[in-house]
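K.L.:
For reference, the chains in residue letters:
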Amino acid sequence: MSTCCRYGVDETSTLLNAVMTAAKPSLKSLLARHEVVLLIVIALEILLFQSLGRRFLDGTNVSNIFRHSVEIGLLALAMTPVILTGGIDLSVGSMMGLCAVCFGIFVNEAAMSPLLAALLAVGIGTLGGGLNALLIARFQLPPLIVTLGTFSLFRGLAEALTKGSKSYSGFPDSFLALGNSDIAGVPAQIWIFLLVALGIWLLVHRMTIGRSFRAIGYSPEGARYAGIPVRRNLGLAYILAGAIAGLAAVILVARLGEARANAGIGYELLAITAVVLGGTSIFGGSGSVGGTLLGYLAVAVLNNGLSRITAYQLFDQPISSVARELSGMLTGLLLLLALAVTPLAKALAARRTKT
Amino acid sequence: MKPLLQLSDIRKSFGAVRALKGVSFDLQPGEVHALLGENGAGKSTLIKVITGAHSPDDGTLTVDGESLRSLTPSHARELGIACIYQQPALFPDLSVAENIGLRLKKTSAFAKVKHAEQRALALDLLKRVGAEISPDAEVRELSMPEQQLVEIACALGSGAKIVIMDEPTASLTQKEQHLLFGVVRDLRANGVGVVYISHRLEEIFALADRVTVLRDGESVGTHPVKDLTEAAMIQLMVGREVAALYPPAEGEPGAVVLSLKNLGCSASGVRGIDLEVRAGEIVGMAGLVGAGRTELARILFGITPADSGQIVLNGKALTLTSPREAISRGIAYVPEDRRRHGVILEMPIAHNITMAVHPVLFPGTLLRFKAETAMARDFIRDLGIKAYGPDAPGGSLSGGNQQKVSVSRWLATKPKLLILDEPTQGVDVGAKSEIHKIIRNLAKEGLAVLMISSDLPEVLGMSDRIAVMREGTVTAVLPGGADAHQVMAAALGQSGKEVA
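Sequence lines, in order, name chains A and B.
Per our numbering, the very first residue in the first sequence carries number 1; after that it's consecutive.
Per our numbering, the very first residue in the second sequence carries number 1; after that it's consecutive.
I should point out that these hints are in silico values taken from the structure, not numbers from a laboratory.
Wrong hints could be hidden among the right ones.
To be verified - To give an idea of the chain A side of the interface with chain B (calculated C-beta under 10 Å), a few residues:
(1) L115
(2) L116
(3) R138
(4) R206
(5) T208
(6) G210
(7) S212
(8) R214
(9) A215
(10) S219
(11) I228
(12) P229
(13) E258
(14) S286
(15) G290
Virtual Cβ for every residue (Gly too), placed ideally from N, Cα, C.
Please take these sequences and the hints and turn them into a complete structure.
P.N.:
Right, dumping it as structure tokens:
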């Protein structure tokens, strides 16, 4: 049973009793499952956009939903182990900027093959994650502060390398295919995303290190007393996040055909939104990769849908001008609502069993 | 003379635990009244009742002639009750004068702070307690005894008539103790009543007029100090007979498993420990809270590594710098703080039980759920853990069953040495004797057991030998048949050498 936030002992047991004594699942107890709430939200989004716009669910657009958001999905996957340990990584978006710029330099100025440059970009992401890991796991500094620092540092480095304005383009078509072609009818980068998702799922749900992420998230001291290598595993979560941010940068460059210092601005927040929306507790410990994927889907569908209704009118007003603002606002509302529904349903369920 | 404070038949329970079962106590003006009792006898709870932190379930408090059912902290302060805790509760980032001003002056949140007035007040009070502390110093920079003096200055400044001191000398040097004693005597001379809590009998003889002894949440008597000998005081504290409820030892202990030679760790105040634990033997470790027993366990488990001496396990000298290392060498530690260190309450008991054996149970790091559940079921059956199944979260279990989960985790590592730290603390009576049986059976199977406990009957009943710690070192190793007086005397350091 996954819970979206930390419950005290008593609460857990009453909740448990509530679930166990209910003869058949009531609507309320069903709503107490975060995944169900998310599925409903996603269904509502799809219904809304399908009714507003034409061909929302046609093949091309479904492809686009994923193609245009896969980087956020990758960051959300990378963020899941980090948040499970009770941490946070605000630097992954900036890391994408740095890795994108480095990739551009490697190909354009050092004349490297895109493959080698991509490997090096992932390597740079790994190193940057290593810096976070060093400060957080080794020196026990708070993740929020450390990654807030590297958030500025990495972006600043990217801007310094490009002197603020330079961008790199002219990549070979074979590389651009990574971002723009289909393999077996599915966007090429989605295959990479699925591989990463499988890997993270294995890590979190099927390997001892995933178990230790949870233990660290619930109680770092308790984990240490159980002989878990807390520092090492904590560090690995951040190193992995950096590596995946590097990969996301390469994919973004392949899609846009251009490497700029502003790649991935704000992506870290969307990724965190997706993870938390997916039911992973921001305090660490509980959460799932499946939840993250659903959370990502909810964010991705919303953004795509909003970008499409710009062409239409709502209440006889042209709304194209406000679409961008609307997107941010609705993402925020979605997060707050999804977070509120589960505890509300649980509180109602608990109250019912008491009386 | 009308007493400053009178408590009659105070009762207080926390859930099923009856902390105070009818305590009566009175304090006269110009008196130092000592409170004495073993760990867990109810002293802290009683203080909290007096300061208004806890409200009693039953009984009455009479403060200065006014009868009350209970107090709130602010009401207690208005009535002139001040408490100086072992750990001073000052704001570390503010200056001494600011701390004193904050404590003494009641003003609205937006009132202007009168710095000069505040400083003069602080200067005067500090002089009265004989402290050479600048009122402008930041509290962060002060030593622990200096902070205590600031607390006492606050108590003086508030015009407190009742001052409670909870082990005030625990962190003081001899010289500072003398200074403190002088302040206490001054308070007494000014008609203040002082409730003085200390484990050090010599201080009680040096300072107190009367002593009230608490045992198992009851007051077992109030006596003028001059009527008592040290031996009589210990007798009062220990009192009861050790019930023959403990499983008997069988057979002779085997080879030496653990041998400590002059072991010390300056960071945690442990020094010069020599101790042996044999296979099949339970060595009980007695001592007062703060004597360094948990600190020793933490050294042996690699949490705070030793910086002097030797740890020899099965003939091999070890350097232990992490729990992981200690585990791989065959050392297991069931920690004192079950809820923080022993069990992760949010995780299923199966996950808790297998947590220390990941490398063994899951070779190649892939989780094997069947093997995990099977292991958990085995322990649930063998140790009689009451839970609805291996998936039950640790937090849904009672204290005793949580402790069994914690023990299971360590038995799963197949240790050579098992260290138990307060194994039955906060555990109900039934589960307690079950845990005792488990520990004895483990010893029978050849495990070397080091059992830290503040529960004296438990130490006496379970141990094949008893090591007593005091002030960071082992002061006595007594045979299993030792009586309570000997153990208490060694724990209190009743040699008389350090009498102030």
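K.L.:
Tell me, in ascending order, the numbers of any earlier hints that this structure violates.
P.N.:
1, 2, 3, 13, 15
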